[in-house]
Amino acid sequence: MASVEELRVPEELKKAIIREHLDGLIGRTHLLILESLEKGDKTRLEVFNDIKGRWYITAPTQVIRATDQLKRINCIEEVGKKRVKFVEAEEAVCRITDKGRILLRALKEIYGEVT
Amino acid sequence: MPEWYGWAGTILRVNLTDKTVKKEPLPEYLATQFIGGRGFNSKILFDHLRPGVDPFSPENLLIFGAGPCTGTLIPCSGRFTISTKSPVTGGLGDANSGGHFGPQMKWAGYDMIRVEGKAEKPVYVWIEDDNVEIRDAEHLWGLDTWITTNEIIKDVGDPSISVACIGPAGENMVASAAIINEYARAAAKCGVGAVMGSKKLKAVAVRGTKGIRVADPKGVVDVYFKYVRILKEEDEWWYNNFSKYGTPMFVDQYQGLGALPTYNWSEGVFEKADELGVEKLYPKYVKKKRSCFACVLHCSPFILIEEGPYAGFTGEGVEYEAFTGFGSKIGCANIELVLAAGTMCDRYGIDYISCAEVIAWAFECYNRGILTKEDTDGLDLTWGNEDVVLELIRRLAYREGKIGELLALGSRKAAQKIGKGAEYYSMTIKGQQPGSMDPRVLAAWGFSYAVGNRGGDHLRTHLVCEYMFTPEEMEKYVGTAAASDRFGWHVAKADLVVWSENMRTISNCMEHCTYFNRGAPRLYVEFPVDALRAVTGLDWTYEKLVECAHRIITLERAFNVREGFSRKDDYLPERFYKEPLTKGPGRGKVVPRDHWEKLLDRYYTLRGWDTKTGWPTRETLEKLGLKYVADQLEELGKLPGKGA
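Protein sequence lines, in the order shown, are assigned to chains D and Y.
This note's numbering puts the first residue of the first sequence at 1, with every later residue one more than the last.
This note's numbering puts the first residue of the second sequence at 1, with every later residue one more than the last.
The set of hints was computed from the structure by calculation and includes no laboratory data.
Misleading hints may appear alongside valid ones.
As the list claims (entries may be wrong) - Facing chain Y, according to a computed beta carbon distance under 10 Å, are these residues of chain D, among others:
1. 7
2. 26
3. 27
4. 29
5. 44
6. 55
7. 59
8. 60
9. 64
10. 66
11. 69
12. 72
13. 115
As the list claims (entries may be wrong) - Heads up, simulated SDA-like pairs for lysine to any residue below, C-alpha to C-alpha not over 20 Å straight-line:
14. D:52 to Y:488
15. D:82 to Y:274
16. Y:373 to Y:394
17. D:52 to Y:487
18. Y:476 to D:6
19. D:82 to D:40
20. Y:476 to D:7
21. Y:476 to D:21
22. Y:232 to D:21
23. Y:568 to Y:600
24. Y:476 to Y:529
25. Y:200 to Y:133
26. Y:544 to Y:133
27. Y:476 to D:22
28. D:71 to Y:236
29. Y:244 to Y:266
30. Y:226 to Y:529
31. Y:589 to D:53
32. Y:476 to D:3
33. Y:627 to Y:33
34. Y:280 to D:83
35. Y:210 to Y:10
Here the structure is a predicted model, which is why all the values come from computation and not from measurement.
For every residue, glycine included, the Cβ atom is placed at its ideal position computed from N, Cα and C.
From just these sequences and the hints, can you work out the full model?
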């Protein structure tokens with residue numbers, strides 16, 4: 001888990017992480033999600049299907065929570081809805097933002113390849 | 001006597017044998033060391049029940065306990081716990097319920113209502129602030145819980161009272177009998193309704209008008225707004241979905257995880273689960289949403305079936321457990337049957353988790369030729385035959401016929417009676433069935449079912465953080481990210497179970513709803529401290545609360561040790577170790593027995609209990625201020641290393 005001090009990201013993003021009580025809680029899960037979204041927009045469930053089995057990702061709700069955290073610090077944005085089937089019939093489609101790309105680079109510097 | 005904030009400061013004792021009522025001051029140590037609710041009840045049970053007492057004897061106690069936050073503005077804190085020696089497990093039993101009963105008993109001036117003895121004829125207890133009466137209930141005996149509630153409201157002449165009562169199942173001392181308050185809230189597990197029936201106590205009705213003093217009124221309001229905001233912002237997905245759908249959303253969720261018990265737990269996905277999902281339930285059958293006192297989630301759907309063979313069935317709060325119990329576990333995919341069966345259980349005063357479990361056991365035994373039509377009084381229990389389900393529930397409630405008498409025992413005792421290998425299909429731990437999440441794909445939750453003090457139990461940990469916390473959150477709060485792998489049997493799962501047991505014990509003692517703290521870790525570790533400080537004015541810390549939780553869990557363990565429990569009782573049903581799931585995300589998964597032993601060792605070590613026996617050690621008991629418990633266990637030869 002990277003602390004804000006370790007993350008090489010702009011001050012504004014650091015402040016957002018602290019404001020949202022996420023200092024020390026951004027790590028490999030977020031890296032995997034951002035990496036998946038960099039390849040294309042996806043719902044949270046689609047992201048889960050893309051990254052499941054890596055790190056300790058074994059349930060969609062882990063990805064939902066981490067994605068919501070990334071949304072709170074503006075590293076992803078929601079760009080429409082799509083029909084899926086995991087409780088909600090429709091789920092938001094997520095897209096990585098410029099800030100998200102910066103965070104992804106910073107996380108890769110710390111963790112490298114996540115298996 | 002201290003000046004009480006949060007706690008009402010009085011224990012009400014009602015003796016049904018000699019028809020006396022006493023009021024005692026709440027001892028200060030009880031408040032500071034056992035917090036409230038479940039903690040209070042467990043302490044009183046240990047101290048006042050002799051080992052080996054028959055659960056249905058007048059000596060057994062039935063205790064209603066509220067928490068220090070119950071009846072205040074603290075969000076989702078309106079619950080109460082009913083504790084007794086369980087006729088189902090033979091150990092410590094308790095069951096927890098919501099609604100408005102807990103707040104009413106606090107407003108009437110009582111932290112606990114301790115029912116002792118046994119009435120000669122049916123009675124109910126009426127409490128209106130300081131006035132407490134034991135009233136005749138012969139006219140109510142035989143009535144279902146809804147009519148009983150209405151009749152007591154008529155007797156008292158006040159529709160704003162809260163009534164906790166039993167139905168025919170409790171009167172007939174059925175193992176799955178619950179105590180139902182306000183028509184649809186169930187203190188369900190451990191056979192608490194059967195104990196109430198054995199005491200010929202039909203109901204406890206209460207009206208409180210005194211209110212509760214809190215130490216820091218502004219602080220309470222601040223806690224409310226701060227933590228409701230955290231719930232909505234830091235657990236957004238949970239809040240949005242749960243407040244919209246309630247627990248029926250778990251059908252889709254657990255099907256997705258491969259954890260939906262199907263055909264009596266032989267599989268984890270149900271081929272017709274879509275027929276039971278929230279899209280089928282809403283909006284057709286749900287007419288409005290209701291909630292418990294001080295709730296911010298409003299999870300309870302009020303349903304009505306308007307046409308078809310089940311037309312006219314109506315009621316509140318049919319939950320996930322009914323959807324799997326009267327659905328996937330017996331191969332039925334008719335949502336109307338689920339709703340009808342759920343409301344029927346409420347009316348008869350039945351815990352539908354336990355009831356559905358014994359019915360699923362009977363279905364499996366029938367399909368395997370262990371039970372025949374002779375045993376079922378001619379009923380056809382072929383998988384998926386929905387036509388017999390309501391009739392089975394009715395016969396269970398009234399112990400009618402061979403099958404009714406058998407089902408009324410609960411599956412463990414029923415299986416022992418039948419023999420012929422039927423025990424293998426009883427999916428119970430310590431005689432009690434767990435909640436409906438398959439342990440083969442939710443490892444920590446499965447482990448917690450087995451070590452739970454009240455038998456197979458999903459609520460002692462309510463271990464959703466296993467699949468809701470991010471691995472990073474798991475590492476920060478529990479100590480290792482590895483516990484996030486829901487399929488994995490890493491020893492860290494024991495650490496997670498201990499952490500979750502502690503967190504849920506704190507919730508249970510505050511009498512706080514476990515649906516409030518789910519995915520957001522701050523709601524587990526920061527909220528109780530701030531809430532209890534504002535309400536009670538005492539200097540609570542996280543560490544102090546965890547110590548209280550450990551004390552309570554260890555005392556409950558000691559209660560069970562006195563009754564003969566040990567490490568041998570901390571195992572799942574054999575099926576989970578032997579039969580891999582064959583479908584869905586859990587395909588090929590079983591519970592690995594060698595890992596299980598390591599987990600048990602780790603769990604006992606973390607708890608400070610002996611790894612060989614699973615019994616608390618003297619050192620641990622003394623550290624927790626329970627020296628007298630160690631002395632008592634030593635006298636019984638049940639203290640590790642003391643000739644045990």
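Hint-by-hint comparison with the structure:
1. 7: 13 Å, violated
2. 26: 7 Å, holds
3. 27: 4 Å, holds
4. 29: 5 Å, holds
5. 44: At about 8 Å, which falls below the 10 Å cut-off, the nearest Cβ of chain Y leaves the hint on residue 44 of chain D intact, so it holds.
6. 55: 6 Å, holds
7. 59: 4 Å, holds
8. 60: 7 Å, holds
9. 64: 5 Å, holds
10. 66: Result: holds, 5 Å to nearest chain Y Cβ.
11. 69: 7 Å, holds
12. 72: 7 Å, holds
13. 115: 13 Å, violated
14. D:52 to Y:488: 14 Å, holds
15. D:82 to Y:274: Holds: residue 82 of chain D and residue 274 of chain Y sit about 19 Å apart, inside 20 Å.
16. Y:373 to Y:394: 18 Å, holds
17. D:52 to Y:487: 12 Å, holds
18. Y:476 to D:6: Roughly 16 Å between the alpha carbons, so the hint for residue 476 of chain Y and residue 6 of chain D holds.
19. D:82 to D:40: 14 Å, holds
20. Y:476 to D:7: 17 Å, holds
21. Y:476 to D:21: 13 Å, holds
22. Y:232 to D:21: Judged against 20 Å, a Cα distance of about 14 Å means the pair holds.
23. Y:568 to Y:600: 11 Å, holds
24. Y:476 to Y:529: 18 Å, holds
25. Y:200 to Y:133: Between residue 200 of chain Y and residue 133 of chain Y the Cα gap is close to 15 Å, so the pair holds against 20 Å.
26. Y:544 to Y:133: 39 Å, violated
27. Y:476 to D:22: 11 Å, holds
28. D:71 to Y:236: Cα-Cα ~11 Å, so holds.
29. Y:244 to Y:266: Not satisfied, since the Cα-Cα distance of roughly 31 Å exceeds 20 Å.
30. Y:226 to Y:529: Distance of about 13 Å is within 20 Å: holds.
31. Y:589 to D:53: Distance of about 15 Å is within 20 Å: holds.
32. Y:476 to D:3: 12 Å, holds
33. Y:627 to Y:33: 14 Å, holds
34. Y:280 to D:83: 16 Å, holds
35. Y:210 to Y:10: Measuring from Cα to Cα gives roughly 13 Å; hence the hint holds.
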